[in-house]
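Visitor: Sequence:
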Amino acid sequence: MALAAAGPAAAQDVAEARGTGGGCITTRPVGPVVRAPGSGIAAAFYWDPTTAYPHGALGDEVEGRMLLVRPEGRGFCDTVPARDGGVFEDTAPRIADVTGDGRAEVVAVSAHPALGARLEVWGYPLGPGEGPSHDLALVAATAPIGTRFRWLAVAGIVDLDGDGRVEIAFVDRPHLARTLRVVRLEGSRLREVAALEGVTNHRFGAPDISGGIRDCGTGPEVVLASGDWSRLLAVRLVGGALLARDLGPWSREAADAASACTG
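Read in the numbering used here, the sequence shown has 52 at position 21, and its numbers run on one by one without any break.
Treat the hints with caution; some may be incorrect.
Estimated spans, in silico, between C-beta atoms of each pair [to be verified]:
#1 144 x 69: 34 to 40 Å
#2 284 x 207: 34 to 40 Å
#3 180 x 274: 20 to 26 Å
#4 59 x 260: 33 to 39 Å
#5 276 x 234: 37 to 43 Å
#6 259 x 90: 20 to 26 Å
#7 177 x 250: 18 to 24 Å
Calculated directly from the structure, the hints in this document are not laboratory data. None of the values given here were measured: they were computed from a predicted structure. Virtual Cβ for every residue (Gly too), placed ideally from N, Cα, C.
From just these sequences and the hints, can you work out the full model?
Guide: What follows is the structure, encoded as structure tokens:
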């Protein structure tokens, strides 16, 4: 597992795996530990390495079976397993306020042994504390893709259209379907609000996800590649539709510069 692509939460710090302290049992995370000071969630990471799901989309066949989350100011970690003996097939968890209630949630990608990947949002609806009602809970999830070894790559989490509600952008099957999907939490479900075909943000076997969310002063955009990796694109959500703008030929350097608003 590699470092997660730049996300919309500027305070989020993605550090090399080195353990979390604070009362968590494990000192061997799978992939990086993500920290977001002041968000309500001190750290999140994957744990319990396994090769039981040998897809290798991220360059090796080792994935974590568990998601560990440490609430801020608490000396414990909450631990949840991937569903039905699956894994968390992801670069790293992401910490962001998806519900808009002022408390951060954790966004993860799990992979079912038979049904492939789905996007998940985990959180504390009543805030962390003692007792089952305060446990980490699944807030919402997309339907699984439906086939083993089918994956999705998160592009970012941000209010894309300026309406005050947070969206999650991801590329559905970046090596096959190459479709950008934008979903929004509505009650207990993630509802798709827009989709755009012919784009990607990941090459099979690469340890990281290309592009991400940027805001160069005129509103947030998703930085992606065209489906054949020939062009660099910036995509906006406007009036319920995704509009792509060509930024020139794609290269790793150009994508990094575009994401950082320096090119």
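Visitor: All hints are to be evaluated individually against the structure, with a verdict given for each.
Guide: Hint by hint, here is what the structure shows:
no. : hint                  : in the structure
1   : 144 x 69: 34 to 40 Å  : holds (37 Å)
2   : 284 x 207: 34 to 40 Å : violated (26 Å)
3   : 180 x 274: 20 to 26 Å : violated (32 Å)
4   : 59 x 260: 33 to 39 Å  : holds (35 Å)
5   : 276 x 234: 37 to 43 Å : violated (22 Å)
6   : 259 x 90: 20 to 26 Å  : holds (21 Å)
7   : 177 x 250: 18 to 24 Å : violated (34 Å)
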